[in-house]
Amino acid sequence: MAEIAVSFALEQLYPLLKEEANLLRGIHKQVADIKDELEFIQAFLKDADSRAEADLGDPADHGVQTWVKHLRAVAFRIEDLIDEYKYRVAQRPQSHRRRSCGFVRSLQKVAHLITSVKPRHEIASEIQGIKESVREINERSKRYGFERGSTNKNVKWHDPRMASLFIEEAQVVGFEAPKDELTSWLVEGATERTVISVVGMGGLGKTTLASTVLKNQVVTRHFDCRAFITVSQIYTIEELLRSMMKEFCKLTKESLPQNIHTMDQKSLITMLRHHLLQKRYVVFFDDVWEVGFWEGIELALPDNGKGSRIIITTRIMGVAEFCKKSALVHVHKMQGLPHNKAWELFCKKAFGFGFGGVCPAELEDISNEIVKRCQGLPLAIVAIGGLLSTKEKILTEWQKLHRNLGFELESNPHLTSLTRILALSYEDLPYHLKSCFLYFGIYPEDYFINCVRLIRQWVAEGFVKFEKGKSLEEVAEQYLTELIHRSMVQVSELNFDGKARRCQVHDMVREIILRKMEGLSFCHFASYDENDDQSTSCGFITRRLVITTSSNNVWGSIGNSCSATRSMYFFQVSEFPVLFLTTFCSDLKLLKVLDFEDSPLDHVPDDLGNLFHLRYLSLRNTNVKRLPISIGKLQNLETLDLKQTQVYEIPTEITQLQKLRHLLAYYRNYNIEFCLTWERGVKIANNIGCLMSLQKLYHVEANHDGVDLIKELGKLRQLRKLGVKHLTRVNGKALCASIDKMNCLESLDISSITEDEIIDLQSVNILSLPPLRRLHLKGRLEKLPNWIPQLHNLLGLTLDAYDGEQLHFEEGGFLKLNQLKLRDLKRLNSVIIDKGALPALQELELGPFPQMKEVPPGIQHLKKLDVLEFYDMPREFEKSIDPDEGPQHWIIQHVPTVRIGRKLSPEYGDYHTSIIHHPPS
1 MAEIAVSFAL
11 EQLYPLLKEE
21 ANLLRGIHKQ
31 VADIKDELEF
41 IQAFLKDADS
51 RAEADLGDPA
61 DHGVQTWVKH
71 LRAVAFRIED
81 LIDEYKYRVA
91 QRPQSHRRRS
101 CGFVRSLQKV
111 AHLITSVKPR
121 HEIASEIQGI
131 KESVREINER
141 SKRYGFERGS
151 TNKNVKWHDP
161 RMASLFIEEA
171 QVVGFEAPKD
181 ELTSWLVEGA
191 TERTVISVVG
201 MGGLGKTTLA
211 STVLKNQVVT
221 RHFDCRAFIT
231 VSQIYTIEEL
241 LRSMMKEFCK
251 LTKESLPQNI
261 HTMDQKSLIT
271 MLRHHLLQKR
281 YVVFFDDVWE
291 VGFWEGIELA
301 LPDNGKGSRI
311 IITTRIMGVA
321 EFCKKSALVH
331 VHKMQGLPHN
341 KAWELFCKKA
351 FGFGFGGVCP
361 AELEDISNEI
371 VKRCQGLPLA
381 IVAIGGLLST
391 KEKILTEWQK
401 LHRNLGFELE
411 SNPHLTSLTR
421 ILALSYEDLP
431 YHLKSCFLYF
441 GIYPEDYFIN
451 CVRLIRQWVA
461 EGFVKFEKGK
471 SLEEVAEQYL
481 TELIHRSMVQ
491 VSELNFDGKA
501 RRCQVHDMVR
511 EIILRKMEGL
521 SFCHFASYDE
531 NDDQSTSCGF
541 ITRRLVITTS
551 SNNVWGSIGN
561 SCSATRSMYF
571 FQVSEFPVLF
581 LTTFCSDLKL
591 LKVLDFEDSP
601 LDHVPDDLGN
611 LFHLRYLSLR
621 NTNVKRLPIS
631 IGKLQNLETL
641 DLKQTQVYEI
651 PTEITQLQKL
661 RHLLAYYRNY
671 NIEFCLTWER
681 GVKIANNIGC
691 LMSLQKLYHV
701 EANHDGVDLI
711 KELGKLRQLR
721 KLGVKHLTRV
731 NGKALCASID
741 KMNCLESLDI
751 SSITEDEIID
761 LQSVNILSLP
771 PLRRLHLKGR
781 LEKLPNWIPQ
791 LHNLLGLTLD
801 AYDGEQLHFE
811 EGGFLKLNQL
821 KLRDLKRLNS
831 VIIDKGALPA
841 LQELELGPFP
851 QMKEVPPGIQ
861 HLKKLDVLEF
871 YDMPREFEKS
881 IDPDEGPQHW
891 IIQHVPTVRI
901 GRKLSPEYGD
911 YHTSIIHHPP
921 S
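Numbering of the sequence shown is given in full-length UniProt numbering, commencing with residue 1 and proceeding in unit increments.
Be aware that a few hints might be false.
[As the list claims (entries may be wrong)] No farther apart than 30 Å at their CA atoms in a straight line, the calculated lysine-lysine pairs in the BS3-like style are these:
no.	residue 1	residue 2
1	Lys-372	Lys-349
2	Lys-465	Lys-279
3	Lys-215	Lys-69
4	Lys-179	Lys-372
5	Lys-633	Lys-643
6	Lys-863	Lys-325
7	Lys-589	Lys-643
8	Lys-625	Lys-711
9	Lys-341	Lys-400
10	Lys-348	Lys-325
11	Lys-333	Lys-215
12	Lys-853	Lys-826
13	Lys-29	Lys-348
14	Lys-29	Lys-86
15	Lys-711	Lys-721
16	Lys-279	Lys-215
Note that these hints are calculated values from the structure, not bench results.
Only a predicted model underlies this, so the values are computations on that prediction, with no experimental measurement involved.
Please put together the full structure from these sequences, using the hints given.
Take a look at the structure:
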């Protein structure tokens with residue numbers, strides 16, 4: 001991780017050196033020397049980091065770990081120095097900065113600081129000290145023999161995947177259904193060459209599953225020849241081709257071609273094609289990491305129309321996707337074992353000898369807790385169960401292991417293979433993803449992480465690199481998708497558009513992350529738990545600080561000792577000491593990320609504006625009622641999250657935040673019935689149009705400054721998401737005119753000021769429609785705007801606003817829509833869905849419709865519908881869809897899940913819900 005720190009330091013240095021030397025007044029050469037030394041070191045940091053990370057507890061690599069630690073510390077010093085200068089310059093009176101602008105002005109501020117704010121000899125001394133430290137580190141690097149641009153792979157450990165190739169079928173637990181599926185793909189189906197990809201995180205049993213299936217007699221008799229090839233991370237195409245030929249010849253007892261070891265790639269491909277042309281073959285490529293792997297070997301595997309098969313096991317979905325370019329592909333996504341199978345496997349390993357695979361009664365509770373920690377991961381179950389089989393069957397011993405599992409994973413030789421298997425995915429990551437992945441360790445165990453929150457924090461941290469034609473958030477979303485496709489991150493919940501909404505990492509993976517974070521000074525956890533081996537004071541270099549306690553002992557250590565902290569998070573904090581709230585804005589003035597979400601915060605200090613570097617501020621779900629006017633000094637703020645706070649009026653100073661990208665502010669009263677007043681937005685200044693970087697504004701109340709505010713919205717050309725509350729009929733045309741200018745708008749939410757107020761949205765220009773993916777209208781629509789069916793990218797549509805008696809979805813309409821919610825339409829008595837309309841719809845919600853007596857018959861045409869929900873419909877309507885006696889049940893019987901809800905009280909969400917499950921047809 002020194003490579004990331006050094007790269008970031010270099011990014012800070014480059015802009016300074018682009019200016020004239022006289023701006024730096026005599027220290028230009030020294031800064032340039034530091035830059036040159038760091039660039040030289042950077043060339044072999046991949047190797048150094050790899051050797052330092054391979055085993056943080058290995059004394060043999062202690063020197064390398066120390067070298068990396070010192071280099072990281074120097075990189076931090078450079079970043080601190082530059083950020084401190086920028087902070088001090090920002091405190092100067094505005095008159096000193098009036099004549100210059102933009103980037104040149106910032107450099108002039110730094111130059112002025114160097115020459116006037118601090119005595120020159122102090123500045124020179126500090127820079128000289130950094131220069132000498134970097135030079136010494138460079139000199140010491142020579143003794144370690146680092147290789148430029150490479151990583152160290154020569155780490156000795158036992159790979160349990162080898163044992164998977166020889167496991168007896170009787171020992172395999174929980175793979176019955178996957179075995180049947182893979183067997184059918186192998187021996188049935190198309191005669192064309194087919195690739196079967198088994199995809200999943202390390203330790204799920206991909207190798208075990210595939211090898212067990214291939215050893216099944218039904219499979220072995222079906223193929224003329226077969227080969228088992230372990231690929232892993234380092235290979236050459238030539239060696240793979242030779243290995244295939246050796247396996248084929250070994251099985252058929254044929255002699256190898258004499259010159260096979262000297263053949264080039266073309267000759268090897270020709271030889272294999274000739275050998276396989278008239279055979280039905282199966283080849284198993286185990287542990288594939290390279291996305292383009294298929295391109296290198298497909299020519300050697302002819303599509304001979306005989307039903308040949310290729311099995312690939314991989315952690316990376318991209319490997320399977322790549323094969324689709326030239327082959328039929330089946331993908332089996334590995335899942336963890338259900339608890340009953342996980343328990344069976346654990347008992348086999350922990351109690352297999354001497355106990356007959358039966359857990360003693362006094363160990364059942366703690367054993368269940370251990371199995372839950374494994375979260376269905378077979379390798380973890382086998383490794384930990386094997387370790388426990390060597391220990392005395394005493395409750396205290398097992399409790400101790402459960403409590404200290406993180407430490408055991410790092411140090412216990414019985415778990416080394418588990419740790420290495422899980423860590424391989426991290427080590428294979430490109431450097432721009434390593435910091436992103438480690439970030440998951442910041443969140444508590446079993447915490448479902450909001451993906452949007454995570455992405456904005458990555459951006460604020462500086463992890464996300466600019467790509468032409470994309471916003472930083474879009475690039476960060478690509479990063480998250482890659483981690484998901486590498487089977488390193490698990491999706492917990494999906495959005496309506498199929499993208500990840502919440503995610504998490506496996507508990508065992510999180511333990512690996514925590515150990516790496518600790519060794520790399522990536523993050524520190526400040527807690528006060530005598531059983532927590534990470535509970536320490538804050539007195540060392542750390543960039544991120546997570547507070548998980550209300551203990552005064554911990555809070556007292558936060559201050560000057562943590563002054564270089566860039567990010568701070570709070571989980572499970574019951575109260576904030578007064579001293580902390582009055583001092584943190586001055587003690588932690590280099591903060592970039594400050595996340596108070598779900599904490600008991602009730603006010604924000606007036607000197608919040610001192611946090612000049614702050615990019616991300618979340619007050620979500622706190623009791624904060626007002627923002628200080630000093631918020632206008634947060635010139636680098638990108639995200640301001642005020643969801644579920646009591647903040648109603650945004651200070652006019654907000655318009656000074658030219659870098660603000662996300663302003664999220666609304667409050668939902670869950671104690672009242674769902675209605676227009678259930679959710680309110682915020683009052684904001686009518687000159688908001690100067691916030692040209694805004695991508696999300698959600699929700700703003702339109703009735704305070706009327707048409708002036710709405711016209712200002714039209715200046716926000718980068719908006720992706722807009723929420724407008726309290727719209728009046730007279731302001732409808734002005735809003736339509738503003739929407740016409742929002743070429744990037746993807747999500748639009750509009751509510752009228754009262755339930756009787758008509759929303760006039762007819763004048764949106766069809767020729768300049770934004771690329772809306774989500775539309776939510778609440779209020780009263782006399783007529784459905786004619787531009788809505790023209791939204792060809794629309795994925796989600798919610799209408800609480802239609803005043804008509806009939807809705808007609810015509811053939812060919814809404815081709816991409818996958819979520820439709822029609823709510824509280826009091827006059828609606830008929831919904832017509834033509835065949836060919838809504839072909840992609842997966843979720844449909846209807847009700848309350850007091851006038852509707854019959855089920856819309858067109859629902860039978862919605863073949864992709866997974867979930868159908870009816871709320872507060874007339875009793876005769878509910879009876880008509882009863883599974884036993886309902887005459888219209890046939891219309892919905894193809895839908896897997898049908899929910900029928902009836903409100904119990906005015907409180908939001910208080911429903912009695914019955915569910916009808918239909919088996920797949």
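Hints and how they fare:
1. The straight-line distance between the Cα atoms of Lys-372 and Lys-349 is roughly 16 Å, inside the 30 Å bound, and the hint therefore holds.
2. The straight-line distance between the Cα atoms of Lys-465 and Lys-279 is roughly 49 Å, outside the 30 Å bound, and the hint therefore fails.
3. Taking the CA atoms of Lys-215 and Lys-69, the gap is about 49 Å. The hint is violated against a cut of 30 Å.
4. Our distance criterion of 30 Å between C-alpha atoms is met by Lys-179 and Lys-372, whose separation comes to about 24 Å.
5. Taking the CA atoms of Lys-633 and Lys-643, the gap is near 22 Å; set against the 30 Å cutoff, the hint holds.
6. A C-alpha spacing of about 28 Å is found between Lys-863 and Lys-325, which places the hinted pair at or below 30 Å, so the restraint holds.
7. Between the alpha carbons of Lys-589 and Lys-643 the distance comes to roughly 25 Å, so the proposed pair stays at or under 30 Å and holds.
8. A distance of roughly 28 Å separates the Cα atoms of Lys-625 and Lys-711; the hinted pair therefore holds under the 30 Å criterion.
9. Distance check on the hinted pair: Lys-341 and Lys-400 sit about 25 Å apart at the alpha-carbon level, within 30 Å; holds.
10. Proximity of Lys-348 to Lys-325 is assessed by CA-CA distance (about 43 Å); at most 30 Å being required, the pair is judged violated.
11. The straight-line distance between the Cα atoms of Lys-333 and Lys-215 is roughly 21 Å, inside the 30 Å bound, and the hint therefore holds.
12. Distance check on the hinted pair: Lys-853 and Lys-826 sit about 13 Å apart at the alpha-carbon level, within 30 Å; holds.
13. For the given pair, Lys-29 sits about 67 Å from Lys-348 by alpha-carbon distance, which is inconsistent with the 30 Å threshold.
14. Distance restraint check for Lys-29 and Lys-86: the Cα-Cα separation of roughly 20 Å lies within the 30 Å cut-off, and the hinted pair is therefore satisfied.
15. Between Lys-711 and Lys-721, the direct Cα distance comes to roughly 17 Å. Compliance with the 30 Å bound is thereby established for this hinted pair.
16. Proximity of Lys-279 to Lys-215 is assessed by CA-CA distance (about 19 Å); at most 30 Å being required, the pair is judged to hold.
In this structure, the hints that do not hold are numbers 2, 3, 10 and 13, in rising order.
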